[in-house]
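> Here is how the chains run, residue by residue.
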Amino acid sequence: MSIFTDIYNTVAKFFRQSDEPVIGEASKAVAANRLKLVLMQDRTNLTPKVLEQMRGEMIDLLSKYLEMDKDMLELNFEQEGDQVALMLSIPVIRAKDEEEIEAAIAKEDTDITESNSEEDSDEDNEEEIVDLEEEIEEDVVDEESTKSKKRSSKKVSAPEELQGNHENVENMEEQSCELETQQEVVCENQES
Amino acid sequence: MTGRVIVITSGKGGVGKTTTSANIGTALAKEGYKVVLIDTDLGLRNLDLLLGLENRIVYTIVDVIEERCKLKQALVKDKKNPNLQLLAAAQTRDKSAVSAEQLKEICEKLKETNDFVLVDCPAGIEQGFQNAVAGASEAIVVTTPEMSAIRDADRIIGLLGPKEEITSVKLLLNRVRPNLIKTNEMMSVDDVAEILEIPLVGIIPEDTGIITSTNKGDPIVNNEEALAGKAYRNVAQRILGEEVPFLDLDEPKGFVEKIKNVFAKLKAKV
Numbered sequence: 001m002s003i004f005t006d007i008y009n010t011v012a013k014f015f016r017q018s019d020e021p022v023i024g025e026a027s028k029a030v031a032a033n034r035l036k037l038v039l040m041q042d043r044t045n046l047t048p049k050v051l052e053q054m055r056g057e058m059i060d061l062l063s064k065y066l067e068m069d070k071d072m073l074e075l076n077f078e079q080e081g082d083q084v085a086l087m088l089s090i091p092v093i094r095a096k097d098e099e100e101i102e103a104a105i106a107k108e109d110t111d112i113t114e115s116n117s118e119e120d121s122d123e124d125n126e127e128e129i130v131d132l133e134e135e136i137e138e139d140v141v142d143e144e145s146t147k148s149k150k151r152s153s154k155k156v157s158a159p160e161e162l163q164g165n166h167e168n169v170e171n172m173e174e175q176s177c178e179l180e181t182q183q184e185v186v187c188e189n190q191e192s
Numbered sequence: 193m194t195g196r197v198i199v200i201t202s203g204k205g206g207v208g209k210t211t212t213s214a215n216i217g218t219a220l221a222k223e224g225y226k227v228v229l230i231d232t233d234l235g236l237r238n239l240d241l242l243l244g245l246e247n248r249i250v251y252t253i254v255d256v257i258e259e260r261c262k263l264k265q266a267l268v269k270d271k272k273n274p275n276l277q278l279l280a281a282a283q284t285r286d287k288s289a290v291s292a293e294q295l296k297e298i299c300e301k302l303k304e305t306n307d308f309v310l311v312d313c314p315a316g317i318e319q320g321f322q323n324a325v326a327g328a329s330e331a332i333v334v335t336t337p338e339m340s341a342i343r344d345a346d347r348i349i350g351l352l353g354p355k356e357e358i359t360s361v362k363l364l365l366n367r368v369r370p371n372l373i374k375t376n377e378m379m380s381v382d383d384v385a386e387i388l389e390i391p392l393v394g395i396i397p398e399d400t401g402i403i404t405s406t407n408k409g410d411p412i413v414n415n416e417e418a419l420a421g422k423a424y425r426n427v428a429q430r431i432l433g434e435e436v437p438f439l440d441l442d443e444p445k446g447f448v449e450k451i452k453n454v455f456a457k458l459k460a461k462v
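Residue numbers (our numbering), protein chains in the order written: chain A, 1 to 192; chain B, 193 to 462.
Treat the hints with care, since some could be wrong.
Taking lysine-lysine and the DSSO-like style, the derived pairs with C-alpha atoms no more than 30 Å apart in a straight line are [to be verified]: (1) B:355 with A:49; (2) B:272 with B:226; (3) B:422 with B:374; (4) A:36 with B:204; (5) B:422 with A:28; (6) B:264 with B:374; (7) B:272 with A:36.
These aren't lab readings, by the way, just hints derived from the structure by calculation.
All chains should be built: construct the whole structure from the sequences, respecting the hints.
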């Protein structure tokens with residue numbers, strides 16, 4: 001009998017379609033996506049140095065309003081379909097109160113000439129910020145959280161959900177609140 | 193006569209610039225056009241090997257530039273086809289022995305008496321690259337469907353873009369492996385063309401025949417049977433302005449494969 005099964009298997013194998021996508025399916029897509037990102041950076045001269053500068057400026061800006069864990073800040077490019085998005089993820093410790101914000105703004109006004117000259121440095125970046133959406137999600141009150149000490153006496157009164165993004169719900173148990181700033185970046189390739 | 197000067201470049205090394213130069217040059221010469229191949233890879237010359245002319249080289253491009261010989265004396269005729277000539281690189285000198293201006297001058301002279309001047313560019317984006325592209329009005333960027341090669345090709349395309357003298361930049365995708373593309377393990381021709389955003393001039397399948405043809409010093413276009421040879425002959429046709437469809441690399445070659453294909457299609461319908 002085994003001879004017959006052998007023959008059957010051989011015949012079946014012979015006629016089997018050899019081009020069925022198997023394990024490697026992801027590898028091509030991964031390569032294409034990684035390439036698109038890296039080429040976007042190559043083409044726009046968006047060097048790590050520039051990214052670091054952007055990171056620093058964003059921290060300065062957001063520090064006026066929020067107290068956050070600066071070391072945990074992440075700035076990444078992500079591919080979503082045809083668009084490349086700049087994802088900024090910062091764990092927020094607490095929102096500052098009005099007095100603090102006013103103080104920070106007042107301080108900035110005195111430094112304005114200094115910061116202006118810095119901002120004027122042309123970086124030749126071709127992106128255009130199309131959309132800036134901030135999403136502040138109020139933490140579910142979590143009495144047992146170890147981080148409760150860090151939490152402000154004033155509760156953040158933030159819009160519940162500006163965007164239907166629920167990805168961070170899980171993380172919220174660890175962080176008192178999570179802010180996700182998302183800047184959609186349209187990349188225009190300088191030459192085609 | 194005013195010939196066309198085409199530079200064959202890639203950024204990354206080892207993707208098949210020299211093989212491509214040798215094959216396109218040979219194919220154009222077979223069509224009856226007068227062709228000069230210039231090897232600009234000073235210090236790392238190889239084009240002579242692929243054409244089997246390594247023993248015939250007396251003078252090199254550096255000898256021409258330093259006026260030890262006339263340009264005509266340095267041109268080595270191909271064994272099989274007198275329409276094809278090689279201007280070899282100097283093996284003992286480095287890229288600084290030649291300037292962009294000098295290379296441009298050589299190209300200008302050669303295109304007066306030839307239909308095609310093909311410049312085989314060295315890898316990299318430094319002086320050697322700048323020299324090689326100096327006299328060219330067209331460019332063929334060679335890449336393979338691998339990330340590093342594509343990234344380097346993109347860089348080259350970016351560098352060629354602002355050069356006003358270069359009016360045409362086309363893509364030649366080399367070492368394509370249809371079986372890997374089928375299983376989605378390799379980026380397809382469309383993927384690469386879409387990423388690099390320049391028109392295709394050729395798709396060359398991976399072919400073990402390239403190794404044997406290099407061993408013999410006989411470009412694969414001279415082998416009528418080889419698929420890569422056919423693909424290169426098609427590239428030459430496209431350079432000449434013919435509209436030649438790209439090879440369908442998925443096409444089953446033998447009788448057995450055809451039967452398999454029929455059954456596969458039946459199975460798909462069921």
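> Confirm or reject each hint.
Comparing the hints with the structure gives:
1. B:355 with A:49: Since the Cα atoms of residue 355 (chain B) and residue 49 (chain A) sit roughly 28 Å apart, the hinted pair holds (cutoff 30 Å).
2. B:272 with B:226: Between residue 272 (chain B) and residue 226 (chain B) the Cα gap is close to 13 Å, so the pair holds against 30 Å.
3. B:422 with B:374: Satisfied, since the Cα-Cα distance of roughly 22 Å is no more than 30 Å.
4. A:36 with B:204: Measuring from Cα to Cα gives roughly 18 Å; hence the hint holds.
5. B:422 with A:28: Status holds; Cα separation ~27 Å.
6. B:264 with B:374: Given that 30 Å is the threshold and the Cα spacing comes to 49 Å, the pair is violated.
7. B:272 with A:36: violated, 44 Å
Taken one by one, the earlier hints fail for this structure at numbers 6, 7, listed in ascending order.
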